[in-house]
Structure formats: structure tokens, C-alpha cells
Amino acid sequence: MTALPQLMQALLERLGSVDPGPLFVLSLLPYLLFLWWARQVQAFPRLALRGFQLTLLFVAVTIVAAVAAEQFWGRQLADVDPLHGGAEAFLTLANLVVVLGFVGQSPPPQPPEPGAGE
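All the letters of the sequence shown, read from the start, carry residue numbers 385 to 502 under the numbering used here.
Careful: at least some of the hints might be erroneous.
Estimated spans, in silico, between C-beta atoms of each pair [to be verified]: (1) 391 x 441: 19 to 29 Å; (2) 426 x 400: 38 to 48 Å; (3) 403 x 494: 49 to 59 Å; (4) 397 x 452: 29 to 39 Å.
Worth flagging that the hints you see were computed from the coordinates, not collected in a lab.
Even glycine gets a Cβ: it sits at the ideal position worked out from N, Cα and C.
Work the whole structure out from these sequences, hints included.
In C-alpha cells form, the structure reads like this:
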């Protein structure tokens, strides 16, 4: 029974030593493919597409803010509240634009038909 927790601990320690940088770069490829596909689909809401594109701006702003936090304060981005909040504001903006794009695309609600609730 004690072998399983030791195995899990060894696995987590091994995963903790993996450099996430290459995984981050690889994760951009499917996202860029998604953006290309969404641009090709005529029915895809243009405003929502802009929101998804703004997510890339969030990534860029976050990278710049993380470098600035490390260079100027010697801390992680999450520990420098003004930079962290500013970067997260771009994510909030992107999410808002995505939602507005899809809300604007949805059909208006239909009134219930008479006798449907019986």
C-alpha cells in the first residue's frame, strides 16, 4: 500500500523538474490553427474572433510583464500586483469581446407556444 504514494511522489517530483517553456510554445500551434480555422468559417462571429485574437495580445503582454517583474523587482509576475493586474486586464478584455461576439450572434429567444406548458 505504501508503494503507491511513493510512486506518486516520485512522479510529481519528476514532473516538477520538466521545463514548461517548450510545452508553452507547442501549445501556441493548435491555438494559431484554431484562429486560422475560425477566420475561414463565414458563420464565426467576427467580434468573437477578435476576442480570441486579443488572447494572443494577453499572452504577449504577460510575457513582457513577467520579464519586467523579474528584471526590475527580482520577483515573479504574480508577486508584482500592478503588473499582474495590468496583464490580467487584457485577458478580461479578450474574454469580454469573445462573449459579446457570441451573444450578438445568438438568435432572440422565442416566446413559448400556446399550450406547450400543459
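Quiz item: Any hints this thing doesn't respect? Which numbers, in order?
Solution: 1
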